[in-house]
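Peer 1: Sequence:
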Amino acid sequence: MIAGSGFVDWLGMGNDAVGVTHIFQYLFVLKLPVIIAHFITAFVMMKFIDGEKKQKIALSLWFFNPISLYTVGFMGQIDSFAVLLTVLALLLAKKKSIYATVLLGLGAAFKTYPLLVLPFLAIYSGKTWSKKLLSFALGFGTYLLFILPFITTPAFYSSTFVSGLSQRLFELKLYLGFGENILIVPALLIILFLFAVSKRIENINQLSNFFLAVFFVTVTSVHFHPQWALWFLPFLIISFIYNAKDSSVWIALTLLFLGWLGNILLFDDKFLSWGILSPIDPGILFLPTLSELLHRFFDPLLLQSIFHTIMLASGVYLVSKSFKENE
1374 MIAGSGFVDW LGMGNDAVGV THIFQYLFVL KLPVIIAHFI TAFVMMKFID GEKKQKIALS
1434 LWFFNPISLY TVGFMGQIDS FAVLLTVLAL LLAKKKSIYA TVLLGLGAAF KTYPLLVLPF
1494 LAIYSGKTWS KKLLSFALGF GTYLLFILPF ITTPAFYSST FVSGLSQRLF ELKLYLGFGE
1554 NILIVPALLI ILFLFAVSKR IENINQLSNF FLAVFFVTVT SVHFHPQWAL WFLPFLIISF
1614 IYNAKDSSVW IALTLLFLGW LGNILLFDDK FLSWGILSPI DPGILFLPTL SELLHRFFDP
1674 LLLQSIFHTI MLASGVYLVS KSFKENE
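Read left to right, the sequence shown gives residues 1374 to 1700 (my numbering).
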C-alpha cells in the first residue's frame, strides 16, 4: 500500500496527526486524487474555450489563483470531485446527452450542492415539459440511488439535512415581524429559476452562466467554507475568458480573489490560517490567529465583512457581465 501501514490509524488521530513521522507521505496519498480531479477538470474546461491563447489564460487562472492553491493544494477537499462531475455534466449537456443530469446526481452524492442547478440543467435538456421533468427525475433519482444505503443513518442526516450549507441557506433573511422572515437566498434562487424558464436557455454558455450565478449567490450570501468557492470557479473562468478584453473584468476578478483570501485569513480558526502549515512545524498551532492579533487594534470582524463585501460586489459585476455577453 502506498500510504504505509500506519495510514488508517493516522486518519483517526486528532491534532497530534501533524506530528507523525510519515505525515507528508500520508498527505500525498490523501491529496493526490483531489489534485488529479482538479487537473481533469481543467482539461474538460478547455472544451468550452476556443483558441490556444484563451486556453492558456484559462489554465493559468485555474491553477494559480488563491482559491485553487489554498483549497486543493493546502486543504485537499473532496469538493474537487463534485466540481469535476458538475463540469462534466455541462459538457454532456453541450452534446445534448440525457446523461448530463445523471452526472449531476452523482456529483450530489459527494456534495449536495449540484442539486441546486439540477432544475436549470433539466430546463435546458428537455424541449417539452415532460422531457424536462424526466431529466430532473433522472438526475435526482441517481442521487437517491447512491444515498439510499445511508439515508436512515444519523451521520447522513447530520451531513445533509442539517449540514453547513443546508442551514446557512436560510440564515440571510429580512424580518417582517411576528416571527416571519423573507429568506433571501432561496428567493434569489427562485428568481434565477424563473428567469431561466422565461429566457428558455438557448445555448451552453447561457446554461454555464446560470450555473455560475446559482453557485455564486449560494456561496457568497452565507458564511461560507473556503472550499465552497471552488463550486463556481470553473464557470467564472469560462465566462471571464469571453470578457477578458474588458479591463474592468480583470479588476473585478482581482478584487474577488482578494476579497475571498482576506475573508479566509481572518477566520478565527488556526487550522484555516497558520495551522495549514503545521505539518512543516507543529509548533505553528500554538501561534495566535491573524484575527486574534488584529483584535488588539480594531474589530477584525468588520475587516472580514469588508473583504466579504468586496468579493460579493465584484462577483455580482462579473456575473452580470457574463449574462450581457450572451444577450
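Hints listed in this document are in silico derivations from the structure and should not be mistaken for laboratory results. Don't be surprised by glycine CBs; every beta carbon is placed ideally from N, CA and C. Some clues are possibly wrong.
[Stated by the list, open to error] Cβ pair distances, simulated, as ranges: (1) Asp1672 x Glu1544: 36 to 44 Å; (2) Leu1556 x Phe1437: 34 to 42 Å; (3) His1596 x Phe1670: 33 to 41 Å; (4) Leu1666 x His1596: 18 to 26 Å.
Peer 1: Evaluate each hint against the coordinates.
Peer 2: Each hint tested on the structure:
| no. | hint | in the structure |
| --- | --- | --- |
| 1 | Asp1672 x Glu1544: 36 to 44 Å | violated, 21 Å |
| 2 | Leu1556 x Phe1437: 34 to 42 Å | holds, 37 Å |
| 3 | His1596 x Phe1670: 33 to 41 Å | violated, 23 Å |
| 4 | Leu1666 x His1596: 18 to 26 Å | holds, 21 Å |
Of the numbered hints listed earlier, those contradicted by the structure are 1 and 3.
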